[in-house]
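Trainee: Numbering (our numbering) for the sequence shown: 919 to 1036.
Hints may be right or wrong, so weigh each one.
What the hints assert, rightly or not - Distance ranges between label pairs, derived from CB positions:
no.: 1; residue 1: N931; residue 2: V1003; range: 33 to 39 angstroms
no.: 2; residue 1: E1008; residue 2: T925; range: 34 to 40 angstroms
no.: 3; residue 1: V942; residue 2: I1022; range: 16 to 22 angstroms
As the list claims (entries may be wrong) - Using 27 angstroms as the maximum straight-line C-alpha spacing, the simulated DSSO-like pairs for lysine-lysine come out as follows:
no.: 4; residue 1: K987; residue 2: K932
no.: 5; residue 1: K938; residue 2: K964
no.: 6; residue 1: K1033; residue 2: K1023
no.: 7; residue 1: K1033; residue 2: K987
no.: 8; residue 1: K1034; residue 2: K1019
no.: 9; residue 1: K988; residue 2: K964
no.: 10; residue 1: K1030; residue 2: K1019
no.: 11; residue 1: K1019; residue 2: K972
no.: 12; residue 1: K988; residue 2: K938
no.: 13; residue 1: K972; residue 2: K923
no.: 14; residue 1: K932; residue 2: K988
no.: 15; residue 1: K998; residue 2: K1031
no.: 16; residue 1: K998; residue 2: K1030
no.: 17; residue 1: K938; residue 2: K991
no.: 18; residue 1: K991; residue 2: K1019
no.: 19; residue 1: K998; residue 2: K971
no.: 20; residue 1: K988; residue 2: K1034
no.: 21; residue 1: K1019; residue 2: K1033
no.: 22; residue 1: K971; residue 2: K993
no.: 23; residue 1: K972; residue 2: K938
no.: 24; residue 1: K993; residue 2: K964
no.: 25; residue 1: K971; residue 2: K987
no.: 26; residue 1: K971; residue 2: K1023
no.: 27; residue 1: K1019; residue 2: K938
no.: 28; residue 1: K987; residue 2: K972
no.: 29; residue 1: K993; residue 2: K972
no.: 30; residue 1: K1031; residue 2: K987
no.: 31; residue 1: K1023; residue 2: K991
no.: 32; residue 1: K972; residue 2: K932
no.: 33; residue 1: K964; residue 2: K923
no.: 34; residue 1: K971; residue 2: K938
no.: 35; residue 1: K932; residue 2: K964
no.: 36; residue 1: K932; residue 2: K998
no.: 37; residue 1: K1019; residue 2: K988
no.: 38; residue 1: K923; residue 2: K993
no.: 39; residue 1: K1019; residue 2: K1031
Hints in this document: simulated from the structure, not taken from any laboratory. Remember, it's a predicted structure, so these values are computed and weren't measured experimentally. Ideal Cβ positions, reconstructed from N, Cα and C, are used throughout, including at glycine.
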Amino acid sequence: MSKIKETSTNFANKQALSNKCLEVYSTNIIGGQWSLPICYALLSGKLRFGEIKKVLPNITERMLTLQLKKLEKNKVLTRKIYAEVPPRVEYELTSIGYELKPIIKELENWAKKHKKML
């Protein structure tokens, strides 16, 4: 996942659309292939990196790291580091992240209905 240059037209278009359309703003935060599955996994509570990786075995470690950083930056989850040897890091949804629960459940219901129609 590469970062979009802030001087690019693509970046400007995304910013303009995000400012005018709250749905686009939302999908910029939780969009992408892995953000929602990570949030779904964390709905059950705190998880360590390896535990998230077990729930999502097809995600690469690099992509998981990038997605966790993005979600942390957007205050959807928190990262707590414990001063232990070996270091222990736990990820947990913030209150903003937990607000996604009914949205994720509705998306799940929609997907079930949609899949039946195919």
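Trainee: Tell me, which hint numbers fail for this structure?
Mentor: 1, 5, 7, 13, 15, 16, 20, 23, 30, 32, 33, 34, 35, 36
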